[in-house]
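Participant: Turn these sequences into a full structure, and let the hints steer you where they fit.
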Amino acid sequence: MLSRRIARPLLAAWFVAEGVDAARHPDAHVERLRGAWRRLAKSLDLPQPPPTGTLRTIAQAHGGATAAAGILLALGKAPRTAATALVLLTLPVAAMDAPTRGGSDDEDDRGPRPFLRDLSLVGGAAIAALDREGHPSLGWRLSHARAGRAAAAR
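For the sequence shown, my numbering gives the first residue as 1, with consecutive numbering after it.
Errors might be hidden in some of the hints.
Claimed, not checked - Per label pair, the in silico range of CB-to-CB distance:
no.: 1; residue 1: R132; residue 2: A41; range: 38 to 48 angstroms
no.: 2; residue 1: P50; residue 2: K77; range: 54 to 64 angstroms
no.: 3; residue 1: V20; residue 2: P136; range: 36 to 46 angstroms
no.: 4; residue 1: S3; residue 2: A150; range: 36 to 46 angstroms
no.: 5; residue 1: S120; residue 2: R5; range: 17 to 27 angstroms
no.: 6; residue 1: S120; residue 2: L40; range: 21 to 31 angstroms
no.: 7; residue 1: T100; residue 2: D131; range: 32 to 42 angstroms
no.: 8; residue 1: R132; residue 2: T54; range: 32 to 42 angstroms
no.: 9; residue 1: R117; residue 2: I6; range: 18 to 28 angstroms
no.: 10; residue 1: W140; residue 2: T54; range: 40 to 50 angstroms
Hints were generated in silico from the structure; no laboratory data involved. Quick reminder that beta carbons are idealized off the backbone N, C-alpha and C, glycines included.
Facilitator: In structure tokens:
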């Protein structure tokens, strides 16, 4: 359908841009990751964050995977799988961007907008992941096949 051919690339554009940015320029992403680690360490008794080189590799790998899944979604290649990957890749980012209850930290002064953006993108990707393009679900097909066999046996 035409709306899918337009909507998928529009949804994927942010994922591709953000993924490429994380892969090419990981330093800002490393700082966000380190800040999130510090916030979690307060409540979960985590050890010190990994070295900067390790965090940089994590940010680049996450960015590359996000960009690749976004490209697949935009091209319509395995769109449900790509969208599912985008949901799973974006949930940790949303958790990193979640505002804290105890007031704003020095690195958490951006407010709730990044978190709301991430949740919106997760929702859009979830809709794309569940889109069967008008085809019935496997459960529906099985129940109708069983009903057809039962009617034929009578």
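Participant: Confirm or reject each hint.
Facilitator: Results of checking the hints against the structure:
For the pair R132 and A41, the supplied restraint of 38 to 48 angstroms holds, since their beta-carbon distance comes to about 42 angstroms. Taking 54 to 64 angstroms as the suggested C-beta distance range, the pair P50 and K77 does not conform, at roughly 34 angstroms. For the hinted restraint 36 to 46 angstroms between V20 and P136, the CB-CB distance of approximately 37 angstroms keeps it satisfied. Between S3 and A150 the C-beta distance comes to about 38 angstroms, which sits within the given range of 36 to 46 angstroms.
Distance hint check for S120 and R5: the Cβ-Cβ separation is about 21 angstroms, which falls inside the suggested range of 17 to 27 angstroms. Between S120 and L40, the C-beta spacing of about 23 angstroms keeps the proposed range 21 to 31 angstroms intact. A beta carbon spacing of about 34 angstroms between T100 and D131 agrees with the range 32 to 42 angstroms that was offered as a hint. For the hinted restraint 32 to 42 angstroms between R132 and T54, the CB-CB distance of approximately 40 angstroms keeps it satisfied.
Judged by the Cβ atoms, the range 18 to 28 angstroms given for R117 and I6 holds: they are separated by roughly 21 angstroms. Between W140 and T54 the C-beta distance comes to about 47 angstroms, which sits within the given range of 40 to 50 angstroms.
Going down the numbered hints, you'll see the structure goes against just number 2.
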